[in-house]
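Protein chains in written order, with the numbering used here: chain D, 107 to 402; chain V, 53 to 377.
Simulated from the structure, these hints should not be mistaken for laboratory data.
Bear in mind that the values here come from a model prediction, so they are computed numbers and not experimental data.
Check the hints yourself; a few may be wrong.
What the hints assert, rightly or not - Here are the computed distance ranges between Cβ atoms for each label pair:
id	chain 1	residue 1	chain 2	residue 2	range
1	V	295	D	203	44 to 50 Å
2	D	171	V	130	55 to 61 Å
3	V	230	D	148	54 to 60 Å
4	V	138	D	133	56 to 62 Å
5	D	138	V	129	52 to 58 Å
6	D	138	V	208	26 to 32 Å
7	V	137	D	304	53 to 59 Å
8	D	129	V	208	32 to 38 Å
9	D	148	V	137	49 to 55 Å
10	V	222	D	365	49 to 55 Å
11	V	75	D	348	30 to 36 Å
What the hints assert, rightly or not - Pulled from the structure, derived: some chain V residues nowhere near chain D, Cβ distances all over 10 Å:
id	residue
12	59
13	136
14	146
15	288
Beta carbons are placed, not taken as given, at the ideal position from N, Cα and C, and that holds for glycine.
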Amino acid sequence: MKISTFKPTGFKMPDRASYRQFLTMPNIVLACYVAVALAAPLIAHQNPYDPLQVYGWEASLPPGTEGSGGFNYLLGTDGLGRDIASSIMYGLRISLLVSIVSALAAAVIGLTAGVSAAYFGRWVDALIMRVVDLQLSLPTMLVALIAIVTLGPGIDRIILALIIVQWATYARVARSVALSEAGKSYIDAVRTMPLPRIRIIFRHLLPNSIAPAMTLLPIEIGHAVALEATLSFLGLGVPLDQPSLGSTVANGFQYLMTGQYWISLFPGFALFGLIATINFVGEDMRRIWDPRSRSI
Amino acid sequence: MALLSVITGRLSQAFLLIFVMSLVGFIGIHSVGNPVYNVVNIETATPEEIRRATILLGLDQPVWRQYLVFVQNVATGTFGTSYIYHQPAFGLVLDKLSATFELALFAMLVATVLGLGLGVLAGTRPGSPLDRVIVTSSVYALSVPSFWLSMMLILVGAVMTGWFPPGGRGLTANLLGFDWSFLTSDGLRHLVLPVLALAIPNIALIARLARAGTVEVERMEFTRFCVAKGLSRRRILFHHTLPNISLPIVTIVGLQFGGMLAFAVVVESIFAWPGVGKLLIDSIQLLDRPVVMATLTFTAIAFVALNTLVDLVYVVLDPRVRIST
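Go ahead and model the full structure; you've got the sequences and the hints to work with.
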């Protein structure tokens with residue numbers, strides 16, 4: 107039996123966490139969302155972005171119409187004859203990909219910046235935190251707009267824009283935690299050892315400062331989904347041939363006035379459900395990992 | 053004294069913020085596209101015409117000189133001339149300002165009143181069914197994407213029932229040199245749906261804050277003392293609980309109000325509300341650089357001004373801030 111295995115103390119499951127407590131409604135729904143997104147090519151009736159599989163003359167059909175592809179348009183078709191249900195599944199892939207990748211990258215960058223600011227102090231700290239303050243004092247939407255206009259359209263660009271928008275929040279949280287951790291004696295202890303600074307930061311300071319920032323992650327993923335959808339809705343986000351949920355809803359806007367509600371209603375419900383589910387999961391996670399912030 | 057130091061500290065920060073904003077925004081908007089193609093007729097224009105238009109717009113100059121021209125234009129208060137409308141850019145923004153302002157103001161009023169009411173209602177009965185309903189529905193309200201919420205409001209409120217018009221400002225009346233919709237009954241009808249679209253997420257936000265604050269304050273000794281003293285519930289609520297939960301709420305109201313001047317972009321474009329946000333999106337798509345810059349600068353200034361105002365309200369509301377600064 108090994109006795110002295112070193113484990114970072116900051117980020118761990120609560121001791122009495124039986125895995126049953128993760129079998130909550132929001133978690134299950136979220137898992138379904140992810141499963142549908144992953145399996146979209148297998149379960150969707152058509153690939154809505156492959157013109158060969160779309161019957162253009164079957165445009166704007168109401169839900170439940172039988173299509174000539176040999177399947178039922180359960181949720182109707184949009185103005186170009188694409189199956190709404192399939193569009194939702196494929197759009198989900200883009201929305202989830204963009205938001206998860208950007209939130210994770212923003213977390214890594216923000217954590218590193220925040221912890222470095224706390225460890226090095228002085229001008230490094232001043233520089234990083236001024237940028238953070240500046241950014242957080244502006245509305246998120248404004249920062250996102252400037253970023254996406256500068257970067258131009260495209261999936262990689264929108265991920266980059268979302269990273270730019272989100273990293274500052276992590277940096278601020280990580281810095282405040284790392285500041286108090288850096289004053290503790292175990293950091294003094296590793297400082298006396300001949301270790302490179304990189305190792306001290308990434309192996310000791312970072313793992314111990316990670317917990318509060320991790321509770322931010324689901325909330326920020328939810329924000330990212332909404333922000334990406336909004337930018338796509340405004341025509342500044344994902345390109346037309348790779349629609350996300352947001353741009354699918356946007357496509358339905360012009361048909362709303364003529365009563366073809368299903369084009370924007372169902373993708374919107376899917377999007378709304380996704381964001382709500384992520385927010386509920388985030389709230390549960392915060393309750394488990396960070397009991398202090400239970401009140402809000 | 054306290055007021056003065058808050059103001060000077062805030063102002064210097066504000067100028068830095070606006071300067072950096074304008075610089076970043078300027079470089080950003082200058083790195084995309086060529087606005088000349090939106091000014092000349094792209095099908096018939098000869099290379100000579102394109103060259104002359106480029107010189108006319110000052111686009112042949114190096115970027116740093118264009119920035120200096122921009123700063124000069126800011127100093128004279130015009131922000132340059134719009135490429136598309138051939139009017140001073142700042143004048144264009146001012147024209148749209150009243151529309152955005154009344155939208156944000158009414159939305160914030162509705163959100164504050166309803167949010168506070170629901171929050172206090174839930175906070176005084178923690179754990180009750182009513183509390184749980186309010187907390188859960190607030191998560192839903194915060195999750196709904198604003199563009200979809202707006203579209204559903206149009207679907208229900210305009211297309212299906214026909215109660216309210218789906219877009220536009222309706223009749224306006226002039227007051228103090230600006231056009232306002234809320235002064236006419238037709239304008240008021242046009243206001244309802246966009247105001248709801250902006251207010252609903254904020255009702256949830258304010259309700260959550262108010263609930264958390266109320267739960268905390270109700271637990272404190274002084275509230276129990278008030279109860280023991282025999283004060284009525286109403287008096288405890290208005291004289292003791294509300295003042296104690298007001299600080300975070302004032303903060304969020306100020307922040308959200310400032311955010312609305314920018315975030316109303318979405319709601320304004322869906323309801324065809326001719327405000328600053330719609331102007332910004334249209335100008336970005338037309339590459340009308342002076343108007344984009346004027347709008348961005350204006351939004352940043354408005355945001356900073358509101359933050360400063362919130363800090364000042366702190367000083368008035370919280371005696372502790374007055375002493376410590």
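Hints and how they fare:
1. V/295 to D/203: 44 to 50 Å: 48 Å, holds
2. D/171 to V/130: 55 to 61 Å: Once the Cβ atoms are compared, 56 Å apart, the range 55 to 61 Å for residue 130 of chain V and residue 171 of chain D holds.
3. V/230 to D/148: 54 to 60 Å: Given range 54 to 60 Å: holds, Cβ gap about 58 Å.
4. V/138 to D/133: 56 to 62 Å: 57 Å, holds
5. D/138 to V/129: 52 to 58 Å: Given a distance of about 56 Å, which is inside 52 to 58 Å, the answer is holds.
6. D/138 to V/208: 26 to 32 Å: Roughly 28 Å apart at Cβ, these two residues keep to the hinted range, so it holds.
7. V/137 to D/304: 53 to 59 Å: At 55 Å between Cβs, range holds.
8. D/129 to V/208: 32 to 38 Å: 36 Å, holds
9. D/148 to V/137: 49 to 55 Å: 52 Å, holds
10. V/222 to D/365: 49 to 55 Å: Given a distance of about 23 Å, which is not inside 49 to 55 Å, the answer is violated.
11. V/75 to D/348: 30 to 36 Å: 33 Å, holds
12. 59: Non-interface label stands for residue 59 of chain V: nearest chain D Cβ at 17 Å, farther than 10 Å.
13. 136: 17 Å, holds
14. 146: Non-interface label on residue 146 of chain V holds, nearest chain D Cβ at 19 Å vs cutoff 10 Å.
15. 288: 20 Å, holds
Checked against the numbered hints given earlier, this structure breaks only hint 10.
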